[in-house]
Each structure stands twice: as C-alpha cells, then as structure tokens.
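Novice: Line order of the protein sequences matches chains P and A. Counting in my numbering, the first sequence tops out at residue 115, every number present. Counting in my numbering, the second sequence tops out at residue 113, every number present.
Because the hints were derived from the structure by calculation, they are not lab data. Ideal Cβ placement from N, Cα and C applies to all residues, glycine included. Any given hint could be a false lead.
To be verified - Quick partial rundown of chain P residues pointing at chain A, CB under 10 Å, derived from the structure: (1) Arg30; (2) Tyr35; (3) Pro39; (4) Gly62; (5) Cys91; (6) Gly95; (7) Tyr105; (8) Phe106.
To be verified - Just some of the chain P residues that point at chain A, by a computed CB distance under 10 Å: (9) Asn56; (10) Leu90; (11) Arg111.
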Amino acid sequence: KAGVTQTPRYLIKTRGQQVTLSCSPISGHRSVSWYQQTPGQGLQFLFEYFSETQRNKGNFPGRFSGRQFSNSRSEMNVSTLELGDSALYLCASSGSSGGPRETQYFGPGTRLLVL
Amino acid sequence: SQKIEQNSEALNIQEGKTATLTCNYTNYSPAYLQWYRQDPGRGPVFLLLIRENEKEKRKERLKVTFDTTLKQSLFHITASQPADSATYLCALGDRYRDDKIIFGKGTRLHILP
Numbered sequence: 001k002a003g004v005t006q007t008p009r010y011l012i013k014t015r016g017q018q019v020t021l022s023c024s025p026i027s028g029h030r031s032v033s034w035y036q037q038t039p040g041q042g043l044q045f046l047f048e049y050f051s052e053t054q055r056n057k058g059n060f061p062g063r064f065s066g067r068q069f070s071n072s073r074s075e076m077n078v079s080t081l082e083l084g085d086s087a088l089y090l091c092a093s094s095g096s097s098g099g100p101r102e103t104q105y106f107g108p109g110t111r112l113l114v115l
Numbered sequence: 001s002q003k004i005e006q007n008s009e010a011l012n013i014q015e016g017k018t019a020t021l022t023c024n025y026t027n028y029s030p031a032y033l034q035w036y037r038q039d040p041g042r043g044p045v046f047l048l049l050i051r052e053n054e055k056e057k058r059k060e061r062l063k064v065t066f067d068t069t070l071k072q073s074l075f076h077i078t079a080s081q082p083a084d085s086a087t088y089l090c091a092l093g094d095r096y097r098d099d100k101i102i103f104g105k106g107t108r109l110h111i112l113p
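Let the sequences and hints guide you as you build the complete structure.
Specialist: Here's what the structure looks like:
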C-alpha cells in the first residue's frame, strides 16, 4: 500500500497570505489528523476528520481550518499567516472506524516558512 | 497542569548497549501510550503501543513498560545500533480528552559506534 502523501513538501509564504496544504491518506483509511510541529512546542494536534466530519479539534485559532473529501483526502488551510505559523505540518491517517485512534501513519510533512 | 515530559537532553549511548528513554505524565489518564521514531525531516513512525492494563510490550529489540502508579513509561532498545539514532516521541491517548493523542517533545538518541 502506498503511504500517506502530503503536498507540497516545502512552501514559503509572507505574512498575511493564506495557504492550503493537502494530504492523501493510506487507501482505506477514513481518519485524517493534522499536527503542527515546532522545536519549541513539539507536535501539537490541530484537528481530526473522519468521514468528512471534523471529529476533534485542538487549541488553535480559527485561522486554522480543514476539510475532508469523500475520498478521504484532506486539506488544511491557514489564513492570514503569521511568522509563528512557520512549522512542519504533518498529517496522519488511521483506519479507526469510530473507536480510539491508535496506530497513526504519518506523512512526510509540509515545511512552511512564513517571512 | 497537564504535562507529558521526555528527557529534553540528547542521550548518547555506546553501540551494543541498551538505551532507555523515559516518558512521564502528569494529570492525564491514559488509556494507552505509544512510542514513535522520527528521523530529521520526516514524519514520525509508529513503533509500539501499550495499554493501561499491560505492564510490558516487546517487539524485536524494543521493549516498552507502563507503570500507572509512577505515571511513567520506559522505552528500551537493546543491542543498540547507530541506525537507531533518531528522535523518539511518546504519546498518550487520554480517555477524558475526546480521544485526542498528546505527544511529548521527544528525546534525541545518538548511538555512538
């Protein structure tokens, strides 16, 4: 099976712009989670989508949003970018059908730099 | 406050020895703990999961223990090799936090040849 793919891998934006990141989960997986990773804060949960519905949300401002399509692919959007949004954005898929999310399979991440 | 803590200092271990990494948590009620490996510039890779009612789990050269009294998990790599050098993350699934998985910041492990 192909792994989790994320596009683009690298992105440079300026403050105030908006950005959309894409994630394709492992075939058959219905849950997609997004994380932000920075050296200072580590890996922080953004949100999780399951069957096109947001199932869980972390403590991030409303500038961070996402969606999931019927084929389980997911996009994450950050509007009005700030310098502090520079990070590695990771998506992870799992096959959970409703119970606790256990084994998550991570993509390679999108490295976002905000100037 | 709620915390999940791993050694922030890098750990240097001689090849062939056992590497032991620590994960301590405060004010969480984990239903399970996980350990992941992350290499530079790559996403974390799942290694092992241990549930609250399990004391120990093994997989090849890896062993994880879970002590709910001490609120601690230990991750061991026996017969360590330079290829084991990476950052290791622990994560827990708290039953009272809507099934969100919370990650520690990771410990950087260097296996010295």
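Novice: Hint by hint, note whether the structure agrees.
Specialist: Each hint tested on the structure:
1. Given the 10 Å rule on beta carbons, the hint for arginine 30 of chain P is violated: about 15 Å separates it from the nearest Cβ of chain A.
2. Among the interface hints, the one on tyrosine 35 of chain P holds; its C-beta lies about 8 Å from the nearest C-beta in chain A, closer than the 10 Å criterion.
3. Interface restraint check for proline 39 of chain P: the shortest CB-CB distance to chain A comes to about 9 Å, inside 10 Å, so the restraint holds.
4. Proximity of glycine 62 of chain P to chain A is violated relative to the hint, the smallest CB-CB distance being about 18 Å (cut-off 10 Å).
5. Hint status for cysteine 91 of chain P: holds, given a least beta-carbon distance of 8 Å to chain A, under 10 Å.
6. About 12 Å separates the beta-carbon of glycine 95 of chain P from the nearest beta-carbon of chain A, more than 10 Å, and the hint is not met.
7. Taken as an interface hint, tyrosine 105 of chain P checks out: its beta carbon lies about 7 Å from the nearest beta carbon of chain A, inside 10 Å.
8. Annotation: phenylalanine 106 of chain P was flagged as interfacial toward chain A, and the flag holds, the nearest CB pair being 3 Å apart, inside 10 Å.
9. With its C-beta approaching chain A no nearer than about 5 Å, asparagine 56 of chain P sits inside the 10 Å limit, and its interface hint holds.
10. Here the hint on leucine 90 of chain P is kept, as its CB sits about 5 Å from the closest CB of chain A, short of 10 Å.
11. A least Cβ separation of about 8 Å between arginine 111 of chain P and chain A falls short of the 10 Å threshold, and the interface hint therefore holds.
Violation of the numbered hints given earlier is confined to hints 1, 4, 6; the remaining hints are satisfied by the structure.
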